[in-house]
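Trainee: Take a look at the letters that make up each chain.
There are 2 protein chains.
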Amino acid sequence: MSLTAMTVKDFTEKLASDAPAPGGGSAAALSGALGSALVSMVCNLTAGKPKYAAHEALVRDVLTKSGELTAKLLEAVQRDTDAFDAVIAAFGLPKETDAQKAERSVAIQAAYKAAVASPEATAECCLAVMRLAESLVGKSNANAASDLAVGATQAHAGLKGALANVRINLPSIKDAAYTAEKRAWMERAEKEAGELLHSVESGVARQLLS
Amino acid sequence: MSLTAMTVKDFTEKLASDAPAPGGGSAAALSGALGSALVSMVCNLTAGKPKYAAHEALVRDVLTKSGELTAKLLEAVQRDTDAFDAVIAAFGLPKETDAQKAERSVAIQAAYKAAVASPEATAECCLAVMRLAESLVGKSNANAASDLAVGATQAHAGLKGALANVRINLPSIKDAAYTAEKRAWMERAEKEAGELLHSVESGVARQLLS
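The listed protein sequences derive, respectively, from chains Y and A.
279 is the number that the working numbering gives the last residue of the first sequence; the numbers go up by one with no jumps.
279 is the number that the working numbering gives the last residue of the second sequence; the numbers go up by one with no jumps.
Derived from the structure by calculation, the hints contain no laboratory data.
Take these hints with a grain of salt, some might be off.
One copy or two, it doesn't matter: identical chains are merged, so the pair holds either way.
Heads up, simulated PhoX-like pairs for lysine-lysine below, C-alpha to C-alpha not over 25 Å straight-line [said to hold, decoys possible]:
id, residue 1, residue 2
1, K182, K260
2, K78, K141
3, K134, K83
4, K134, K260
5, K141, K83
6, K243, K83
7, K120, K243
8, K208, K170
9, K243, K170
10, K120, K134
For reference, chain Y alone in the conformation it holds in the complex (with noise of 0.2 Å):
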């Protein structure tokens, strides 16, 4: 049965379990998923108001997007299991001849590597799902502003999770190019969701003042 047909409950005690996956991957991908679908429910409570007609346009387009990034996030917390099951399945490939030995090495690289293409896309969908958030600050039924900062902090908090699971992977792959090119990247995805989330938090905070 794929994760996201368990029940939230069963979902929650199998995380829980002495499985090693799902674990914190998984976990991560869902907290994207639930900030994306908090982004769309602020939308859904704006849409077609009067108060915010001006923003009609955008609050539709938004919709649109985080609708496609929370399917998206969904299947990220199967795909984060079965990347981690696929590295466990390379290490137990036979190493009897040196052929085989070539053949595990090269299997176990090429796993490490999905297993960080998979948290690298759901860090890269989490930072979408805080451009969307952003982009609602000021522009959103203000009723739900609880609502769409705690979008913007389920996705940072997915985010950061993508990134401990890339992070915890990179030492295990041998191309120095391509774990460079990684940690760049990393620096700079915290650095705007750190940004975006202050932003949002410092939006909807004037927003409960006013």
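Starting from the known structure of chain Y, arrange chain A on it as the hints suggest.
Mentor: Just chain A now, with coordinates in the frame of chain Y:
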């Protein structure tokens, strides 16, 4: 159907809908539950391992506590939505006579306080999860270091989301002593949570480098 008995996918879609609840409060509680479940997972991947025998008692104790916190936070997913619905119900009470108006006003104030108590309890649970995560740094399975970091990150996001929900309800409460107490408590909780997150993150980063 209770929210946690829904599939992960259906819950996320319901969150995205134009129904104001479930909203950020339920998402924050689920984030805390994911964090708590990851702390349990780290314990389950550590307990019984000879390498961590010196920390066995701590790990067993944390596992018991994180299991209880996960259960509480999963209950809070539903409770937060119920608390929101109760506010809406109180606003729907009759207000034709003076007696009805007075009763309605009392009911609204009580419902708002319950709608603060719910995320307040969520935030306290998230803080407890973060304290447990911090107690495991350097004393739990190093292969699950990123899961420990993600657990703390999810609990931190849950706390922040819960506080956003306290914050949006406080202006509707007329009891000034009550709101002042809550604001002071929020400041303390945020400060402690920030310190705990920093401590877990820097501890895990050291572990990944060693």
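Trainee: Next step is simple, just say for each hint if it's right about the structure.
Mentor: Hint check results:
no.	hint	in the structure
1	K182 - K260	within (23 Å within a copy, 37 Å between copies)
2	K78 - K141	both (22 Å within a copy, 12 Å between copies)
3	K134 - K83	between (30 Å within a copy, 17 Å between copies)
4	K134 - K260	within (23 Å within a copy, 35 Å between copies)
5	K141 - K83	both (21 Å within a copy, 17 Å between copies)
6	K243 - K83	neither (32 Å within a copy, 43 Å between copies)
7	K120 - K243	neither (56 Å within a copy, 27 Å between copies)
8	K208 - K170	neither (58 Å within a copy, 34 Å between copies)
9	K243 - K170	within (16 Å within a copy, 72 Å between copies)
10	K120 - K134	within (23 Å within a copy, 47 Å between copies)
The earlier numbered hints that this structure contradicts are 6, 7 and 8.
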